[in-house]
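Novice: Sequence:
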Amino acid sequence: MTKSSEHNLPSTLELERSVQLFKAFGDQTRYKILSLLSNKKLTVNEIADEIGITQSAISHQLKLLRQTGLVKGIRDGQKINYELSDQHITTIFEQVREHVREGNL
1 MTKSSEHNLP
11 STLELERSVQ
21 LFKAFGDQTR
31 YKILSLLSNK
41 KLTVNEIADE
51 IGITQSAISH
61 QLKLLRQTGL
71 VKGIRDGQKI
81 NYELSDQHIT
91 TIFEQVREHV
101 REGNL
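The sequence shown begins at 1 in full-length UniProt numbering and counts up one residue at a time.
The hints are simulated quantities; they were obtained by calculation from the structure and are not laboratory data. Treat the hints loosely; a few may be bogus.
Stated by the list, open to error - Taking CB as the label site, the calculated pair distances span:
hint: 1; residue 1: H7; residue 2: S35; range: 33 to 43 Å
hint: 2; residue 1: T91; residue 2: V19; range: 15 to 25 Å
hint: 3; residue 1: R17; residue 2: G77; range: 16 to 26 Å
Claimed, not checked - Subject to a maximum C-alpha distance of 20 Å in a straight line, what follows is the list of computed SDA-like cross-link-like pairs (lysine to any residue):
hint: 4; residue 1: K40; residue 2: G73
hint: 5; residue 1: K40; residue 2: Q95
hint: 6; residue 1: K72; residue 2: H7
hint: 7; residue 1: K63; residue 2: I80
hint: 8; residue 1: K41; residue 2: Q20
hint: 9; residue 1: K41; residue 2: Q78
hint: 10; residue 1: K72; residue 2: N45
hint: 11; residue 1: K23; residue 2: G77
hint: 12; residue 1: K23; residue 2: E94
hint: 13; residue 1: K63; residue 2: A48
hint: 14; residue 1: K40; residue 2: E83
hint: 15; residue 1: K40; residue 2: R17
hint: 16; residue 1: K32; residue 2: L9
hint: 17; residue 1: K63; residue 2: E46
hint: 18; residue 1: K40; residue 2: R66
hint: 19; residue 1: K32; residue 2: P10
hint: 20; residue 1: K63; residue 2: Q95
hint: 21; residue 1: K32; residue 2: E16
hint: 22; residue 1: K79; residue 2: E102
hint: 23; residue 1: K23; residue 2: H7
hint: 24; residue 1: K32; residue 2: I80
hint: 25; residue 1: K63; residue 2: I51
hint: 26; residue 1: K41; residue 2: Y31
hint: 27; residue 1: K72; residue 2: T90
hint: 28; residue 1: K41; residue 2: Q67
hint: 29; residue 1: K72; residue 2: L42
hint: 30; residue 1: K63; residue 2: F22
hint: 31; residue 1: K23; residue 2: Q95
hint: 32; residue 1: K41; residue 2: E14
hint: 33; residue 1: K41; residue 2: G52
hint: 34; residue 1: K63; residue 2: G52
Note that CB positions come from ideal geometry on N, CA and C, so glycine has one too.
Please put together the full structure from these sequences, using the hints given.
Specialist: Written out as structure tokens, the structure reads:
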């Protein structure tokens, strides 16, 4: 039997984190949130208004997105503005959208 490192397979930790990231992308509500945040910073209320679901439901989804490192919250007084965590997330999101728009499914 060959070792996984000979085939450049990810470590167990990298594999677990990568799967969690893809799971986070795999929910329609979370994907909508990521889509909105790819354009600008928004509060929970602004996201809820745009998507049309409750603030509580948005908060729950944002918690999952924060845990996977896709989204971060920046406190501004009493409100928190949410944005994509970094340029890597923006790039991943844009690449997926481009792939889908080209009909590569």
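Novice: Against each hint, give a clear statement of whether it holds in the structure.
Specialist: Verification of the supplied hints:
Take H7 and S35: their Cβ atoms lie about 35 Å apart, and the range 33 to 43 Å holds. Between T91 and V19 the Cβ separation comes to about 19 Å, which falls inside the hinted range of 15 to 25 Å. For the pair R17 and G77, the beta carbons lie near 33 Å from each other, so the given range of 16 to 26 Å is not met. Between K40 and G73 the alpha-carbon distance is near 12 Å, which keeps this suggested pair within the 20 Å criterion.
Between the alpha carbons of K40 and Q95 the distance comes to roughly 18 Å, so the proposed pair stays at or under 20 Å and holds. Proposed proximity of K72 and H7 is contradicted: the alpha carbons are some 34 Å apart, above 20 Å. Among the hinted pairs, K63 with I80 is consistent with the structure: their alpha-carbon atoms are about 13 Å apart, no more than 20 Å. Note on K41 and Q20: the hinted pairing is violated, with a Cα-Cα distance of about 23 Å set against a maximum of 20 Å.
Using a Cα cut-off of 20 Å, the hinted pair K41 and Q78 holds, with the two alpha carbons roughly 15 Å apart. Taking the CA atoms of K72 and N45, the gap is about 16 Å. The hint holds against a cut of 20 Å. Restraint check for K23 and G77: not satisfied, since their Cα atoms lie roughly 32 Å apart, outside the 20 Å limit. Taking the CA atoms of K23 and E94, the gap is about 17 Å. The hint holds against a cut of 20 Å.
With a C-alpha separation of about 14 Å, the suggested pair K63 and A48 falls inside the 20 Å cut-off, and the hint holds. In summary, the hint linking K40 to E83 is supported, as the alpha carbons are separated by about 7 Å, within the 20 Å threshold. Annotation: proposed proximity of K40 to R17 is violated, straight-line Cα distance about 26 Å (limit 20 Å). For the hint pairing K32 with L9, the CA-to-CA distance comes to about 31 Å; that exceeds 20 Å, so the pair is violated.
Distance check on the hinted pair: K63 and E46 sit about 16 Å apart at the alpha-carbon level, within 20 Å; holds. Annotation: proposed proximity of K40 to R66 holds, straight-line Cα distance about 16 Å (limit 20 Å). Restraint check for K32 and P10: not satisfied, since their Cα atoms lie roughly 29 Å apart, outside the 20 Å limit. Taken as a hint, the K63 and Q95 pair is broken in the structure, with Cα atoms around 24 Å apart against an allowance of 20 Å.
Simply put, K32 and E16 have alpha-carbon atoms about 24 Å apart, too far for the 20 Å limit, and the pair is violated. With a C-alpha separation of about 38 Å, the suggested pair K79 and E102 falls outside the 20 Å cut-off, and the hint is violated. A C-alpha spacing of about 24 Å is found between K23 and H7, which places the hinted pair above 20 Å, so the restraint is violated. Proposed proximity of K32 and I80 is supported: the alpha carbons are some 19 Å apart, at most 20 Å.
For a cut-off of 20 Å, the pair hint linking K63 to I51 stands: about 17 Å separates their Cα positions. Restraint check for K41 and Y31: the C-alpha separation of about 15 Å stays at or below 20 Å, so the hint holds. For the hint linking K72 to T90, the alpha-carbon distance of about 13 Å falls within 20 Å, and the restraint holds. A hinted pair counts as satisfied when its Cα atoms are at most 20 Å apart, and K41 with Q67 qualifies at roughly 18 Å.
Between the alpha carbons of K72 and L42 the distance comes to roughly 11 Å, so the proposed pair stays at or under 20 Å and holds. Only pairs whose Cα atoms come within 20 Å are accepted, and K63 paired with F22 is accepted, the gap being roughly 16 Å. A threshold of 20 Å between alpha carbons decides the hint, and for K23 with Q95 the separation of about 17 Å falls inside it, so the pair holds. Annotation: proposed proximity of K41 to E14 is violated, straight-line Cα distance about 29 Å (limit 20 Å).
For the given pair, K41 sits about 18 Å from G52 by alpha-carbon distance, which is consistent with the 20 Å threshold. As the CA atoms of K63 and G52 are separated by approximately 18 Å, the hinted pair is consistent with the 20 Å bound.
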